[in-house]
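Undergrad: Starting from the given sequences, assemble the full structure and let the hints guide the process.
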Amino acid sequence: MNDLIRHAQQINQQLARYGVKFGIYKNGEFHERLFPFDAIPRVITAREWDSLEKGLIQRVNALNLFLKDVYGEKRIIADGVVPEDFVYRSPGYLPQCEGIVPVKGVYSHISGIDLVKGKDGVWYILEDNLRIPSGASYPLIARELCRRCSPDTFRHNGVLDNRNYGQLLRRTMDSVNTGGINVVFTPGRYNAAYFEHSYLAEQAGAVLAEAGDLYVRDSVLYYRSTQGDQRVGAVYRRVSDEYMDPLTFEASSLIGIPNLMAAYRAGNVAVLNAFGNGVADDKGIYYFVPKMIRYYLKEEPILCNAPTYLPFYEEDRKYVLDHMDTLVIKDVAEAGGYGVVFGSKLTCEQLSDLRNTILAQPRRFIAQEAIDFQDLPIMEGEEQVERKADLRAFVLSGADETVVWPSGLTRFSRNPDSFIVNSSQGGGFKDTWILSR
Amino acid sequence: MRRDLHFYCDILLEFGAPVTGHAFALRCMPPSFPGQEILDVTLDLDPQVPYARQRDGFGNLLQIGRVEGPHDHFRYTARGTARLDMSCRREEPCHPVFRFPSAYTAISPEMEDHLRGLRLPADPADRAWALAQAVRARMTYAPGETGVATTAAQAYASGRGVCQDFAHVYLALARQAGLAARYANGLPEGEGASHAWCEVWLDGCWTGIDPTRGRWTDEGYIRFGVGRDFGDCPIERGVFLGLTDQRQKVFMRVSEQ
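If you read the protein sequences in the order shown, they are chains P and G. First residue of the first sequence? That's 1 in this note's numbering, and the numbers climb one at a time after it. First residue of the second sequence? That's 438 in this note's numbering, and the numbers climb one at a time after it.
Hints are not guaranteed to be accurate.
The calculated label-pair distances, taken between Cβ atoms and stated as ranges, are [unchecked claim]: (1) G/Gln683 x P/Tyr190: 49 to 59 Å; (2) P/Leu359 x G/Glu528: 32 to 42 Å; (3) G/Pro533 x P/Asp218: 28 to 38 Å; (4) P/Glu242 x G/Gln683: 16 to 26 Å; (5) P/Cys304 x G/Asp550: 42 to 52 Å; (6) G/Arg492 x P/Glu242: 16 to 26 Å; (7) G/His510 x P/Gly339: 40 to 50 Å; (8) P/Glu202 x G/Pro530: 42 to 52 Å; (9) G/Arg526 x P/Lys291: 33 to 43 Å; (10) P/Glu242 x G/Gly596: 27 to 37 Å; (11) P/Gly188 x G/Gln694: 29 to 39 Å; (12) P/Pro307 x G/Pro530: 49 to 59 Å; (13) G/Thr577 x P/Asp325: 47 to 57 Å; (14) P/Ser225 x G/Gly596: 52 to 62 Å.
Over the 10 Å line for every Cβ pair with chain P, so calculated as not near, a few chain G residues [to be verified]: (15) Ala489; (16) Asp669; (17) Gly675; (18) Val687.
Note that these hints are calculated values from the structure, not bench results. Just so it is clear, CB atoms sit at the ideal spot from N, CA and C, and this is done for glycine as well.
TA: Have a look at this one:
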């Protein structure tokens with residue numbers, strides 16, 4: 001480990017050279033910045049991982065069943081487990097997807113599940129990301145560089161190899177491919193995660209394509225290659241639903257593929273992840289995921305949610321209004337660490353404003369107990385300090401199986417007082433070691 | 438009363454300079470459903486290109502295709518015969534989404550105030566009717582002042598608009614007043630342009646109401662599409678490559694055989 005710390009600067013220089021960057025929009029301007037790497041890994045033992053793995057597979061399987069249900073029979077709503085308000089008012093619910101079953105019935109192929117480990121040693125789910133979760137490339141390339149700097153570290157510590165992410169991704173794409181090439185579809189180089197798009201395409205042996213490279217003819221998606229047009233069987237798209245097809249969604253989108261929806265509807269192309277997944281990773285729906293697991297799988301959830309209250313329910317509303325100063329309040333419409341408010345940090349006036357907003361629009365918010373999560377050591381210059389950190393686990397669901405990548409993205413906050421670790425809010429990342437024992 | 442109506446819908450898009458890579462999605466062929474039986478229908482495209490037929494998430498018929506090479510116009514002509522008979526309507530399930538606000542039909546505080554002042558009847562059909570009269574009382578028909586992007590709240594604030602705006606204002610109010618309601622478009626009997634109206638779910642049946650004209654619909658309305666609002670079921674949507682302006686000429690006719 002000390003070997004790695006000694007090489008930290010070199011690794012960061014290499015990351016910069018490879019262009020491992022993260023883009024942020026701030027005040028309408030796009031800034032690219034490096035995503036600082038901290039050499040001290042997060043270490044997860046085999047035993048701990050075993051339960052995480054089972055819990056993540058269970059959760060993602062239930063979420064996939066929920067999506068199939070919501071856009072199909074809607075049993076979970078009819079049975080009163082999930083109130084319809086949380087489905088049909090969700091901006092992620094797309095009625096255009098009604099009645100469409102994606103290839104092999106898989107909706108969330110690549111899921112990024114965010115967790116934190118409490119001081120009590122328990123892992124809590126923070127949120128599910130079922131649309132276009134990013135971040136797998138960072139630990140992937142960092143591990144590569146770490147191995148180069150210090151191969152012995154990995155030989156002696158029994159760290160599971162994580163270099164198979166590209167293969168897992170490829171296997172997932174192949175399992176739903178309808179006959180044709182695999183494509184990674186990127187909005188282009190001004191996207192925050194462009195480095196990742198190109199890197200993953202390379203790792204998965206897929207073609208990296210932008211809007212002008214793809215078109216739909218006779219309800220089939222084609223890629224314009226130098227050797228003529230090639231049929232596309234699976235597209236791992238890194239563009240949001242609303243910009244994917246200007247003839248179905250946002251009409252002004254220039255980064256989409258006109259009539260992609262026609263190819264998708266006809267079952268002629270697999271789209272990873274499916275359209276409309278936002279209804280299942282909505283902050284409001286989060287509350288119901290343990291219930292989904294019991295409902296669809298008839299199992300008890302292996303991983304727990306952070307204790308969550310829905311002001312939508314009268315009983316919870318009362319609790320939330322009485323304990324606003326200790327709770328974390330989240331606006332369900334926001335993402336990326338925006339719209340998250342710590343009650344303890346608000347002035348009396350702000351608290352009273354928020355109280356009124358919650359009373360007026362209870363459906364818009366969820367409230368959570370602030371989890372006292374374990375700090376991880378990071379190097380701040382020569383000094384080792386403790387910082388808040390979370391873990392994004394990557395779960396891949398193909399036609400036949402759901403697997404968890406034995407690694408993950410550990411993000412930490414730079415600011416010692418901040419609990420928010422989203423990359424878009426600053427902060428850095430670590431490698432995540434899953435031990436073989 | 439059963440009626441057989443012949444319909445003719447001819448739309449010509451003219452581009453100032455040739456365009457290419459033109460992808461289109463049309464909803465210009467009326468579907469059959471209880472109450473509206475399409476006896477025959479043809480669609481001609483110019484330039485003549487193949488098109489795929491699909492149904493969207495709302496059950497509307499879609500005609501989807503692509504004109505690859507340079508062209509300075511795109512014309513689509515649908516014609517056929519519809520057999521309309523309100524007595525054939527059947528109970529249908531209502532998708533819950535028609536009870537919630539949508540992009541175009543979010544209600545504004547002013548509209549909520551207006552609604553509160555209306556003292557609406559308890560009976561859903563009476564309420565649906567009263568709302569249509571309220572929209573007509575509030576709104577003035579004024580072509581050319583609103584556009585395809587105008588929302589219900591904007592149209593309500595100006596008090597002016599065309600059938601699409603009347604329909605959106607109606608939907609916003611009706612949904613807020615507890616009715617399940619959806620946007621409908623198609624061709625009314627006569628000559629001119631396409632029309633937009635609404636359908637309200639009453640006693641398990643989708644029942645047409647035309648807020649622009651302040652009346653229930655009858656066997657004089659051929660329906661093309663339905664949706665939460667205009668955005669879900671435009672008759673034509675297309676994207677193409679080319680820096681040019683676009684003009685549209687529309688001619689529609691619906692008449693007894």
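Undergrad: Please go over all the hints and tell whether each is borne out by the structure.
TA: Structure-based check of each hint:
Distance hint for G/Gln683 and P/Tyr190: a CB-CB separation of about 28 Å, inconsistent with the stated range 49 to 59 Å. Range check, P/Leu359 to G/Glu528: Cβ separation about 39 Å, and the 32 to 42 Å hint holds. Separated by about 34 Å at the C-beta atoms, G/Pro533 and P/Asp218 satisfy the suggested range of 28 to 38 Å. Hint check: P/Glu242 to G/Gln683, Cβ distance near 24 Å, so the stated range 16 to 26 Å holds.
Evaluation of the 42 to 52 Å hint for P/Cys304 and G/Asp550 yields a pass: the beta carbon distance comes to about 45 Å. About 22 Å separates the C-beta atoms of G/Arg492 and P/Glu242, a value consistent with the hinted range of 16 to 26 Å. Taking the beta carbon of each, G/His510 and P/Gly339 are about 48 Å apart, inside 40 to 50 Å as hinted. Between P/Glu202 and G/Pro530 the CB atoms are about 48 Å apart, so this pair conforms to the stated range of 42 to 52 Å.
A C-beta distance of roughly 38 Å is found between G/Arg526 and P/Lys291, which places it inside the suggested range of 33 to 43 Å. At roughly 31 Å, the beta-carbon separation of P/Glu242 and G/Gly596 lies within the given 27 to 37 Å, and the hint holds. Here the CB-CB span from P/Gly188 to G/Gln694 is close to 55 Å, at odds with the stated 29 to 39 Å. With their beta carbons about 37 Å apart, P/Pro307 and G/Pro530 fall outside the hinted range of 49 to 59 Å.
One distance hint, 47 to 57 Å for the beta-carbon pair G/Thr577 and P/Asp325, holds here, with the actual separation near 52 Å. Between P/Ser225 and G/Gly596 the beta carbon distance is about 55 Å. The supplied range of 52 to 62 Å therefore holds. A beta-carbon of chain P comes within 10 Å of the beta-carbon of G/Ala489; the shortest separation is about 5 Å. Listed as a non-interface residue, G/Asp669 fails to keep its Cβ farther than 10 Å from every Cβ of chain P; the least gap is roughly 7 Å.
Separation of G/Gly675 from chain P is inadequate, the least Cβ-Cβ distance of about 7 Å not exceeding the 10 Å criterion. Interface exclusion of G/Val687 from chain P stands, the closest Cβ pair being 19 Å apart, more than 10 Å.
Hints 1, 11, 12, 15, 16, 17 from the earlier list are contradicted by this structure; the remaining hints agree with it.
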